[in-house]
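Quick mapping for you: the protein sequence lines, in order, are chains A and B.
Throughout the first sequence, residue numbering follows our numbering, covering 1 to 261 in sequence.
Throughout the second sequence, residue numbering follows our numbering, covering 1001 to 1312 in sequence.
Each computed DSSO-like pair below joins lysine-lysine, with the alpha-carbon atoms no more than 30 Å apart:
{"#": "1", "chain 1": "B", "residue 1": "Lys-1190", "chain 2": "A", "residue 2": "Lys-133"}
{"#": "2", "chain 1": "A", "residue 1": "Lys-55", "chain 2": "A", "residue 2": "Lys-176"}
{"#": "3", "chain 1": "A", "residue 1": "Lys-21", "chain 2": "A", "residue 2": "Lys-55"}
{"#": "4", "chain 1": "A", "residue 1": "Lys-194", "chain 2": "A", "residue 2": "Lys-176"}
{"#": "5", "chain 1": "A", "residue 1": "Lys-194", "chain 2": "A", "residue 2": "Lys-253"}
{"#": "6", "chain 1": "A", "residue 1": "Lys-21", "chain 2": "A", "residue 2": "Lys-253"}
{"#": "7", "chain 1": "B", "residue 1": "Lys-1105", "chain 2": "A", "residue 2": "Lys-55"}
{"#": "8", "chain 1": "B", "residue 1": "Lys-1105", "chain 2": "B", "residue 2": "Lys-1190"}
{"#": "9", "chain 1": "A", "residue 1": "Lys-55", "chain 2": "B", "residue 2": "Lys-1190"}
{"#": "10", "chain 1": "A", "residue 1": "Lys-133", "chain 2": "A", "residue 2": "Lys-176"}
{"#": "11", "chain 1": "A", "residue 1": "Lys-176", "chain 2": "B", "residue 2": "Lys-1190"}
Chain A is nowhere near these chain B residues, computed Cβ spacing over 12 Å in every case:
{"#": "12", "residue": "Leu-1265"}
{"#": "13", "residue": "Gly-1287"}
{"#": "14", "residue": "Leu-1297"}
Computed Cβ-Cβ distance ranges for the label pairs, DEER-style:
{"#": "15", "chain 1": "B", "residue 1": "Ile-1294", "chain 2": "A", "residue 2": "Ala-207", "range": "44 to 54 Å"}
{"#": "16", "chain 1": "B", "residue 1": "Gly-1077", "chain 2": "A", "residue 2": "Arg-66", "range": "55 to 65 Å"}
{"#": "17", "chain 1": "B", "residue 1": "Pro-1007", "chain 2": "A", "residue 2": "Val-17", "range": "50 to 60 Å"}
{"#": "18", "chain 1": "B", "residue 1": "Arg-1149", "chain 2": "A", "residue 2": "Pro-72", "range": "50 to 60 Å"}
Source of the hints: derived by calculation from the structure; they are not laboratory data.
The beta-carbon is built from N, C-alpha and C at its ideal position, and this holds for glycine as well.
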Amino acid sequence: MSVILNARGLNKAFGAVTAAKDVNAAIEQDSVVGLIGTNGAGKTTFINMITGYLKPDAGTIEYEGRDITPLPPREITRLGICRSFQIPQLYSSLSVLENMMIGLGIVLRNAGLGGYFSRRRIWQTQPVPGYGKPAEEVAEHLLARFGLADYRDRNAQVLPGGVRKLLDIALTMVAKPRVLLLDEPTSGVSAQEKFGIMQMVLDAVRAEGATVLFVEHDMEVVSRFAQRVLAFYDGRIIADAPPAIALNDPEVKRHVVGRSA
Amino acid sequence: MIRDRTPLLIGAILLALLIGGPWLPQWAMFIVTIAFAKGLVALGLMLLLRAGLVSFGQALYYCLGAYAAGALGRFLGIGDVFVQMLAGAAAAGLSAFVLGFLLAKYRGIFFGLLSLALSMILYGLLVKNEALGSTDGFNILPSTLFGIRPGPAWVRYAVLASAAVVAFGLALAVHRYLQTPLGRLAPAIKDNEIRVEYMGASARRAVHVKYVIAALLAGVGGALAATTVGHIDPEMSFWTTSGEFIFITILAGTRSVLAPFAGALLYGAIHTTAYDLSPNTWQMSLGISLLLIIVFLPEGLWSLFKSRVRHP
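Whole structure, please, built from the sequences with the hints as guidance.
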């Protein structure tokens, strides 16, 4: 498989705290990668650097061979790298469907479609790039995929926690991402629901053809869904291997999993 | 799908005004024309308010539009209503485009106070400028329409008709803008800018565009007010004038592009009646009206028509 995302020698410090220390990771296309580590280990910093929210002090990030390190988040999103958030970032005064339509409007506009002088009824007829269907149909399609169809007219502010998480991830899908970074997609979800939600998310995301990196604290979820694990500790990657190997690494057991070797 | 009735409503009101206008008394024509001028400024404020931004200094562009219109007559001898409105829009739009690079970075109270500061800078410059009449301002040339000067009995109607056509044309344009992806972005910017950026849009650029549109509308409104009143002075950029526009916007609500005009008309009616009944305490009557609106109609006057008209 070809490498789609390549982080080389990333370093980031916040004053005396080092959040990334010579982080190297080559992510292969169509893979599912789990990012593990204790709080403050550098997982979210890694995601923030890839998505342009933070700029590394040193090092580069390449996406399909192009250096994206200096780009702002919106340009990285336009290239096909999207993210969800640990705390869902929604448009809380709008309905679930309107949340999706805002995103689809941005996609249409970034593609040069749906401008002020557009003669078409853009929302009903203009095909959304990547989906080939009008925005309203894409929204319904994604809501159905994420099990959100019943909530389409509900205000985002009053949604239950798990549903907010799903909507946050569904919002990332409107741009048809090629790389998707999920920051703790099952946090705040009950232990019983975790596997079901993760399965639904991965089914939906993979069906749209995205490479996935997800941050997760539950090692059972990681071993079941990740093909590869990056274990972070103190800003460094201490293991980079398939789950069966990485989760049994003595250093990972000591610093991440919480069991001694 | 509910049909969008706003264009039809705009067309009907415009037609009624054009046909029935000549039968209105002169004072009513004046009040309605001023309502169009102030309604245009409030329409721009509505655009900003939908994105969560309150400008305490929109009088800056109202005044710039008025002075651009006045300068046309004073220095070039041009009194054509449409040319004045174009000049007002151009002066306000260009200034907002430049100032927008600064303003679009700020939100909340900083955006509000910075806009207020800019309008007060213009006020300060105008009161010191003798070529523009200093604190007294100056008179505007009598209005003409495509080179024709209407007879004294028809001037007010000619300006009213021009104002109605331009204001409703701009209201329709804004109505359509609100249905575009960029127009629909306003509540998203208000709710969550982080998500807007992570979906691939620039919130700052969207705010900049809205700021320029709001200024264009205010510039046209200013030019219209100048030609209607026949006189301009620096008070047009004073902070109390900006407050008046915010009053109208809150009175109107943000639900329809027609609301700012209804709000401006109601404001004019309250102001005129209150002043007539009690010249020394008219501000108190305005304050009480605003209080009642905020308490009983927090979404503005237009929420009374909520179920009848569809809005973007």
